[in-house]
Amino acid sequence: MNKIKEENKILIMLAFFSISIGLWGNFRQIWLQDNNFSVTQISNIISIGTLISIIGIALIEKYIKLNKLKNTITIILVIKFVNMLALYYLNGTNQIEMINLTIVIDIIMEYIIITSIYPLITTIVKSNTIYSKRKLTEYLFRDIGILFGGIFIGKSIAGILVNYNICLIISNIFLAISIITIINIKNNNIEEKQKKKDSMFSYILKSKIILLYLLYVLIGTIAMSTALGLKMLMLTNYFAFSDSIATNYLLIVGLIADGIGILVLKYLTPKNDYLTITIKFGIRFVGYIIAFISNNLTITLMAITWSLLISTSYENICDGVYINRVESEHQLSFANIRYIIRFLGEAIGVFFCGIMYKIGLKYIFGLSAIFMIFQIGLSYYLVYLRKEQKV
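Read in order, the letters of the sequence shown correspond to residues 145 to 535 in my numbering.
Bear in mind the hints are in silico, worked out from the structure with no lab data behind them.
Here the structure is a predicted model, which means the values were calculated and not measured.
For each residue, glycine too, the CB sits at the ideal point set by N, CA and C.
Just so you know, not all the hints are guaranteed correct.
Okay, derived cross-link-like pairs now, EDC-like style, lysine to aspartate or glutamate, Cα gap no bigger than 16 Å in a straight line [unchecked claim]: (1) K375 x D387; (2) K277 x E150; (3) K350 x E471; (4) K352 x E532; (5) K153 x E282.
Beta-carbon label-pair distances, calculated as ranges [stated by the list, open to error]: (6) L419 x K352: 17 to 27 Å; (7) I148 x K279: 14 to 24 Å; (8) L349 x K206: 15 to 25 Å; (9) T442 x K206: 41 to 51 Å; (10) Y207 x I499: 32 to 42 Å; (11) L441 x D178: 19 to 29 Å; (12) L349 x I208: 21 to 31 Å; (13) K531 x F345: 25 to 35 Å; (14) Y207 x L441: 40 to 50 Å; (15) G426 x I223: 35 to 45 Å.
Given only the sequences and the hints, what does the whole structure look like? Please build it.
Here is the structure:
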C-alpha cells in the first residue's frame, strides 16, 4: 500500500477543516440571531473579528519561521476547537460579552488557518499544481459542509433535532479530525536560512500596477461584502427563505458558479479585456442599480444570483495576470498581503452592510454600487496600464 504523501496529508487536513467551516460558518450569523443579537451587532462582531485577524496574520508572517509553522497551526486549531466547545455551552445563556469574545476568537483562528495552509504546503513541495489542488480542496469541501447543513438542519436524527448548535458540535468533530491529521504530518526538512530579499512593501511601491491592483482588491472586496456580507440573514429575513432553503440556494449557486468559472476559463475568455471587465462587473453594477431603484425582492434576488454566479469567472484577467507579475521570491509574502487587504475590505464591507441592513434592503445594493464605480474604474485603468506596458 502506497504511503500517503505529506502534502496530501495537508490537503486531507484542509478538507476536514473546510467541511467544518462550511457547516458552521454558514449558520454562524443565524446562531447569533437566535441568541438575541441584532443584525448590527452581528455585523460589528464579524467586522471586529476580521480586523483583528489581520493583525494575527501579520504577526505570523513576521515572527513565525517556516519550520515552526506546522506547530503554530496545530495550536491555533486546538484553540479553535476549545473555543467552539465554549460556544456550544454558551448557546441560550444570554452571556452576551462571552459570546462576543468567543465569536471573535473563532473568526480570528479561522482566517489565520486559511492563510497559513499554502505556506505550510510549500515547506514540503511548491508548484502551480499543488496550489490549484489547495484552492479546489478548500472550495469543494466547504461546499460539502454547506451541503451537510442544508440536508440535516431541522431534521430529527435518533431522536435529536439538528439545530444550529448541533451543527456547531458536528463541525467541531470534523475540526478534531483535522487536528489529528496535522499532528501526523512530518515536515522536518526545512531550510531555516532564507534568501534575503527586499521589503515586501518596498517591492510593492516600486510597481504602480501592483499597488493599484491591491487598491482594486480592497475596494472590490468592500463592494462585494457590502452587498453580500450578511447574505444568510438577508435570505432568511428579507426573502423569508427557511434556513434549509437558503443553504441549498447558496450551495447550488456556488456549485454552478464554480462550473461557470471553469467553462469561462477554458472557452469564453475574450481577447478584449475591457469587455471581460464589463461582463463581470458592469452587469453586476446595473443589477444593483436596478435593485436599488425598484426596491423589488424578485429583481434583488436576480441581482444577488448573478453576482454569485459570476464571482469565480474571469479570475485570470481580474487577478491572475497581476499575481503572476510578482517575482517567485515574493509570492508567499504577497499572498499574505493580499489576504490582509481582502480581510480588511471584508471587515469594512460587512460593517457597512449591517448599517444599510437596518435602513432597508435596497440601500445595501445602492451603497455597494457606489463602491463598484471606483472598482470598475480601477479595473479599466489597470487594463490600460497593462496594454501600455505590453504586459
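Outcome of the hint check:
1. K375 x D387: 12 Å, holds
2. K277 x E150: 14 Å, holds
3. K350 x E471: Holds, at about 13 Å.
4. K352 x E532: Holds, at roughly 13 Å.
5. K153 x E282: 14 Å, holds
6. L419 x K352: 17 to 27 Å: Between L419 and K352, where Cβ atoms are some 24 Å apart, the hint holds.
7. I148 x K279: 14 to 24 Å: About 20 Å separates the Cβ atoms of I148 and K279, which means 14 to 24 Å holds.
8. L349 x K206: 15 to 25 Å: 18 Å, holds
9. T442 x K206: 41 to 51 Å: 49 Å, holds
10. Y207 x I499: 32 to 42 Å: This hint holds: roughly 35 Å between Cβ atoms.
11. L441 x D178: 19 to 29 Å: For D178 against L441, whose Cβ atoms are near 24 Å apart, the range 19 to 29 Å holds.
12. L349 x I208: 21 to 31 Å: Given about 25 Å between the Cβ atoms, the range holds.
13. K531 x F345: 25 to 35 Å: With Cβ atoms ~27 Å apart, the hint holds.
14. Y207 x L441: 40 to 50 Å: 49 Å, holds
15. G426 x I223: 35 to 45 Å: 43 Å, holds
Hint violations for this structure: none, all hints satisfied.
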